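Participant: So the chains spell out like this:
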Amino acid sequence: AQSVTQPDIHITVSEGASLELRCNYSYGATPYLFWYVQSPGQGLQLLLKYFSGDTLVQGIKGFEAEFKRSQSSFNLRKPSVHWSDAAEYFCAVGDYNQGGKLIFGQGTELSVKP
Amino acid sequence: NAGVMQNPRHLVRRRGQEARLRCSPMKGHSHVYWYRQLPEEGLKFMVYLQKENIIDESGMPKERFSAEFPKEGPSILRIQQVVRGDSAAYFCASSAGQGIPYEQYFGPGTRLTVT
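Chains as they are written, first to last, in the working numbering: chain A, 87 to 200; chain B, 12 to 126.
Think of the hints as simulated: they come from the structure by calculation, not from any bench.
Just so you know, not all the hints are guaranteed correct.
[Unchecked claim] Distance windows between CB atoms, simulated:
hint : chain 1 : residue 1 : chain 2 : residue 2 : range
1    : B       : 98        : A       : 197       : 24 to 30 Å
2    : A       : 138       : B       : 94        : 23 to 29 Å
3    : B       : 110       : A       : 147       : 22 to 28 Å
Just so you know, these numbers come straight off a predicted model, no measurement behind them.
Glycine included, every Cβ here is placed at the ideal spot set by N, Cα and C.
Sequences and hints are given; from them, build the entire structure.
Facilitator: Below is the structure:
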């Protein structure tokens with residue numbers, strides 16, 4: 087069955103430090119992968135997506151992610167974190183065999199220390 | 012272009028009452044997805060609808076839950092005889108089509124509290 091795993095429930099980094107959020111997926115076909123961010127009490131905003139092509143994808147707000155098929159991973163990175171990046175981050179795989187529903191990981195909550 | 016609208020943003024219901032959640036997709040979008048986010052969990056797919064059709068309801072609980080997306084008006088997620096376990100945030104997302112490369116745009120959610 088398709089699934090997405092985010093191993094880290096909560097991460098704390100210092101402002102200005104680099105960030106990597108891990109995401110592993112299990113999907114039988116070509117995965118279509120997404121990272122979303124959710125601020126407290128808000129909906130989800132798409133940060134970036136991978137459909138095909140270059141395995142390093144750039145997103146909004148200075149985020150990037152790298153697709154590694156051999157590791158079934160799609161980790162999110164940012165070279166220098168800002169206090170406003172504190173939020174919950176969700177990795178998802180699109181199940182386009184069944185209409186395009188998204189299968190989400192459990193999320194990683196990011197805290198930023200001043 | 013307005014984004015996905017959901018109302019109400021917060022809804023309190025007593026056990027046994029009915030909850031009706033509304034979702035207006037982005038202009039030009041005819042595909043709507045509903046997701047539920049339980050406390051401390053990620054989002055779980057519930058149902059996928061196109062205008063007047065339910066395409067995939069594999070994530071819907073078998074009882075008490077129903078969804079519709081009429082030809083005119085918003086999509087409605089209806090929960091009958093609510094129980095405490097229904098307390099969650101319900102998000103809808105809309106897209107312009109099905110499959111690649113259409114992405115889903117999310118609304119702000121409806122937070123349902125059952126007392």
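Participant: Mind checking the hinted window 22 to 28 Å against the Cβ distance between residue 110 (chain B) and residue 147 (chain A)?
Facilitator: holds, 27 Å
Participant: How does the Cβ-Cβ distance of residue 98 (chain B) and residue 197 (chain A) compare with 24 to 30 Å: does it lie in that range?
Facilitator: holds, 25 Å
Participant: Given the hint of 23 to 29 Å, check if residue 138 (chain A) and residue 94 (chain B) actually sit that far apart at their C-beta atoms.
Facilitator: violated, 43 Å
Of the numbered hints stated above, the single one contradicted by the structure is hint 2.
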